[in-house]
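Asks: Listed below are the residues making up each chain.
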Amino acid sequence: MSEKLKYLSQEWAAEALARLKKEIPEEKMNNISTSMTDIYRNCPDGKEHFLYIQADNGVVTRVEVGTGEPPKAEFTITGDYEVFARISRAEISSQRALMTGKLRVRGNMAKALKLASVADRMNKVLSQIPAIY
Amino acid sequence: MPRLLDLKDPYYIDNPGRVKAIQKMMQQQGIDVYLGSRIRTLSFITDAFCPWRSYIIVPAEGLPTVFTFIIDAIRLGDETWLDEDHVRAYAPLGGMDQIAAVSDFIRDDLGIAGGRLGYEDGMSTYTPEGNLTHYEFMKLQEALPGFDFVNAHEIVDTLSIIKDQGTINRFREASRIVDEGHKAARATLENGGFKGMTESVIGGIGALAMRRAGSVSEWNFAGLNEVSCGYRTGLGACTPPTMREIKAGEPLMLDFHSMFKLALGDHSHNYLIAPATKRQRWHADNFTVLVQLVLDSYRAGTTPAELAQVMMDCAETRGCADFVVPGCEHGIGLFGDEWRIGAKNDGPIPYWTDPDHVYRVNEMVICAMQYASPGEGIGFRYENPVLIMKDSCEYLSKYPLAIEEIG
Chain A
0 MSEKLKYLSQ EWAAEALARL KKEIPEEKMN NISTSMTDIY RNCPDGKEHF
50 LYIQADNGVV TRVEVGTGEP PKAEFTITGD YEVFARISRA EISSQRALMT
100 GKLRVRGNMA KALKLASVAD RMNKVLSQIP AIY
Chain B
0 MPRLLDLKDP YYIDNPGRVK AIQKMMQQQG IDVYLGSRIR TLSFITDAFC
50 PWRSYIIVPA EGLPTVFTFI IDAIRLGDET WLDEDHVRAY APLGGMDQIA
100 AVSDFIRDDL GIAGGRLGYE DGMSTYTPEG NLTHYEFMKL QEALPGFDFV
150 NAHEIVDTLS IIKDQGTINR FREASRIVDE GHKAARATLE NGGFKGMTES
200 VIGGIGALAM RRAGSVSEWN FAGLNEVSCG YRTGLGACTP PTMREIKAGE
250 PLMLDFHSMF KLALGDHSHN YLIAPATKRQ RWHADNFTVL VQLVLDSYRA
300 GTTPAELAQV MMDCAETRGC ADFVVPGCEH GIGLFGDEWR IGAKNDGPIP
350 YWTDPDHVYR VNEMVICAMQ YASPGEGIGF RYENPVLIMK DSCEYLSKYP
400 LAIEEIG
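Going down the list, the sequences are from chains A and B. In this text, residue positions in the first sequence follow numbering that gives the first Met the number 0: the first is 0, and each later residue adds one. In this text, residue positions in the second sequence follow numbering that gives the first Met the number 0: the first is 0, and each later residue adds one.
It is worth saying that the hints were derived from the structure and are not from the lab. Careful, some of the hints might be misleading.
Derived lysine-lysine pairs resembling DSSO-like cross-links, with alpha carbons at most 30 Å apart [stated by the list, open to error]:
{"#": "1", "chain 1": "B", "residue 1": "LYS7", "chain 2": "B", "residue 2": "LYS397"}
{"#": "2", "chain 1": "A", "residue 1": "LYS110", "chain 2": "B", "residue 2": "LYS397"}
{"#": "3", "chain 1": "B", "residue 1": "LYS19", "chain 2": "B", "residue 2": "LYS7"}
{"#": "4", "chain 1": "B", "residue 1": "LYS138", "chain 2": "A", "residue 2": "LYS110"}
{"#": "5", "chain 1": "A", "residue 1": "LYS27", "chain 2": "A", "residue 2": "LYS123"}
{"#": "6", "chain 1": "A", "residue 1": "LYS46", "chain 2": "A", "residue 2": "LYS3"}
{"#": "7", "chain 1": "A", "residue 1": "LYS20", "chain 2": "A", "residue 2": "LYS113"}
{"#": "8", "chain 1": "B", "residue 1": "LYS246", "chain 2": "B", "residue 2": "LYS19"}
{"#": "9", "chain 1": "A", "residue 1": "LYS101", "chain 2": "B", "residue 2": "LYS138"}
{"#": "10", "chain 1": "A", "residue 1": "LYS27", "chain 2": "A", "residue 2": "LYS101"}
{"#": "11", "chain 1": "A", "residue 1": "LYS71", "chain 2": "B", "residue 2": "LYS182"}
{"#": "12", "chain 1": "B", "residue 1": "LYS194", "chain 2": "B", "residue 2": "LYS182"}
Just chain B, with the same shape it has in the complex (with noise of 0.2 Å):
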């Protein structure tokens, strides 16, 4: 049964609205089917998690028939709000593969024999992004002549960036839920508890809590929560867990990750395992200024390089600029949808931050800095989600900024 949409739920989000908005940015672009491959683009018009390769196929008119490997399709049939007919499998059975079953589908379901076919493709930092392979996009022309291929993911990039009622509540409660993680790791590791336990398993204690508290993963597509400790916390960024064990006099790093109706929790956190020395605590205090300070400076109207350059002359005047690395924000929104801001794929570095987005209210990022000294072995992440409103933000995870010395 699919879910039904209730209109009072906190957590609606007026699924069959974006399907409209993105026909109507087909039409305007004379686009007409539209092709969706990437996780983000699922989530945002399935509203349902598919791991799994899938494709949604989205008509100029009426709805959009999502087809996805066939173990996982009665799943998905169940959370999403689509309805059985417009849920469908392929298999590696005669017709039903990928490319039978989505060209099939486009040329005699929908009767469309021909003209601009929207696709998507592009660059990810992380590797299940879902843009078209190569061979699915020259299988698809083969199988579908007459169509003629547009690259067309900014349509859904550009509806998904500004954040509805819906989905910012769902951020609020996956964040709740990313704070719990947290603070059973904290109880976890205080009064010697850390000894002996491992970047993985801390990671895992993180996760039952957040599991417990109403979370259904920890990213697959980011190696799940991400810990680091000693060392390998020297490039300012945590990586997925080792089983490195958790060592008196070094630093840590906890980024959990929680998913809640498809919104992403993370929060990084860091910790000084004691004794901690001197130089530990002033570069883990300047770290901590230093989030205060842009988490102060988030508003609607300033952009990615205004914030790095708050940021970077502070760093100047406290000296550890050289410590610093220039940029303090991903993007973030349902799941599959992470690191790029900006709706139009039009910033100096392809695929990247644009520096100069200029955020409006209702926009999302995560805060996310890093502090690395790697020649020290030591390093800081920071992560949170923030909400973008007219003259500041909300930041979602409230677990307190701080970088303590436990032990």
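Extracted from the complex, chain A is given alone in its bound form (with noise of 0.2 Å):
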């Protein structure tokens, strides 16, 4: 596709869900059953927006955006919507935007350390998405 969506808009959202869906095999999300979901805070309408991403059994089947209380998930990351939107262009990695506090998480880390790698390969196919920021 060529035309570029909005960042967490809701189309956004849509295509989100289809492509992690399509382009991450069950096996390459180890299987997993979780939901997590970023914080963007001094987003550039002033609001706090959120992402939910939620997986059962290895497959992506809902990814929401919106702002106000966001669903309950097993892990969340909270953080400058700027900070988000680098890691979505590829000009910071997720990693170190969590090794210098840029984002902080909130979650069993025992667990998300699991979870690391799918994480990574759900932010790759993200960053694919043509999006206006």
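Hints given; two lone chains; assemble the complex.
Replies: In structure tokens, the structure reads:
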């Protein structure tokens, strides 16, 4: 697709769900069932946005974006909009953002360790979506 | 996968029961949440080896949650009885450093906005006791406003002093393993085998034999197996082994440590490397008599001070009192639980043995005796875990008490 979608719009979320389902096979998702929410602070519109992703048995089943209270998730990652945008544009790795404290994780880190590679694969897919930030 | 608790296992420990006992004492003391950081506390609650800086958070009700350094979290999760949701990690990541992980968990996951937080502080003879550091204390106070921090380590100390059957069985096995280490060392040293051998190497030979027999560690907090030879025995205590060579005509002490399911094997044995002088033999014979006397004197109702007096009286009659250190024991428990005897820190010297502590049935101590003649370059050390019984004690290492002349 060549059309650019507005980052974190409903259209972007639909495209994200379709691509995650199509491009990451179950075995590459380690057959996991989990959920995570990214909380975007200091967004351009002044609001706080969220991106919620849910996987069941290795299949991404739900991608939801919005403002206000996000769905309850196993992991929560919080940071500035610009940090997430830079990760999506592949200008900074998510690992570096976490290691420098630009992003804060909540959840069981021991479990998260097993999901690091899965999150990395998902980030790569999301970064391929043509987007306007 | 966490380890399942098996009631039929001879080494079974009622860990959920331990947690409930802690929670009961927390309630009695008005403590809303307990933050354990000492190794002994982590061993006592998780029933797993926690060598990295770890924290265990015990809520007023329900299961505790342990946080450890991320590199070891999976192993810890495999070894403890706690399930995956109660084994967590900290890491150098935003929101996941020690302070953030622990304080966020207490405030957000447990939903405790304030109250009394029990933590662990004190003083110890060995470095990694695990008391909360000043930095951790200050930062946790900043991160948890509304909490009143109270030093509460005596809860775990009180509960851990009487040993349950599973713990006792583990100690028996740890002592059997230590004896295997001593057998291997003796077989190596005799018939001239000691020549050219260093303290470090004989310590390693003992370690290998114990690993093969089922041990997993020689206690990293004590400098592993402790070995001293020659003048280094003169203070009557072993130290971490050096590259000093074992030589003919000198004393040698081997203090081997094993660990079996967190129970600590600890037996010190002494030799005279031939040829021994009459004076060396006299010292050695004094020591074995004193050790046997003390072993025969352990029983419920006696105290460390009374045992020391029995020992010193005997030493006086034998003319060797100048060489005897007037103390016979140190505490012992699961990994990290050493030295202090008595549930309460109310002895005359803080965080040392209370000389008036009255032993009770199923307490366990290390009979730890020192004979020191530094001017002559000779000393001996005896250690053996003893289980206090009504009228006697069971000493767990069965390695024969003797100071042989070998060479």
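Asks: Please go over all the hints and tell whether each is borne out by the structure.
Replies: Verification of the supplied hints:
1. B:LYS7 x B:LYS397: holds, 26 Å
2. A:LYS110 x B:LYS397: violated, 45 Å
3. B:LYS19 x B:LYS7: The hint holds at about 21 Å.
4. B:LYS138 x A:LYS110: Judged against 30 Å, a Cα distance of about 26 Å means the pair holds.
5. A:LYS27 x A:LYS123: With a Cα-Cα distance of about 13 Å, the restraint between LYS27 (chain A) and LYS123 (chain A) holds, given a limit of 30 Å.
6. A:LYS46 x A:LYS3: At roughly 22 Å apart (the allowed maximum being 30 Å), LYS3 (chain A) and LYS46 (chain A) satisfy the hint.
7. A:LYS20 x A:LYS113: Cα-Cα ~20 Å, so holds.
8. B:LYS246 x B:LYS19: violated, 54 Å
9. A:LYS101 x B:LYS138: Holds. LYS101 (chain A) to LYS138 (chain B) sits at ~20 Å (cutoff 30 Å).
10. A:LYS27 x A:LYS101: holds, 27 Å
11. A:LYS71 x B:LYS182: Violated, at about 60 Å.
12. B:LYS194 x B:LYS182: holds, 18 Å
Hints 2, 8 and 11, counting from the list given before, are not met by this structure.
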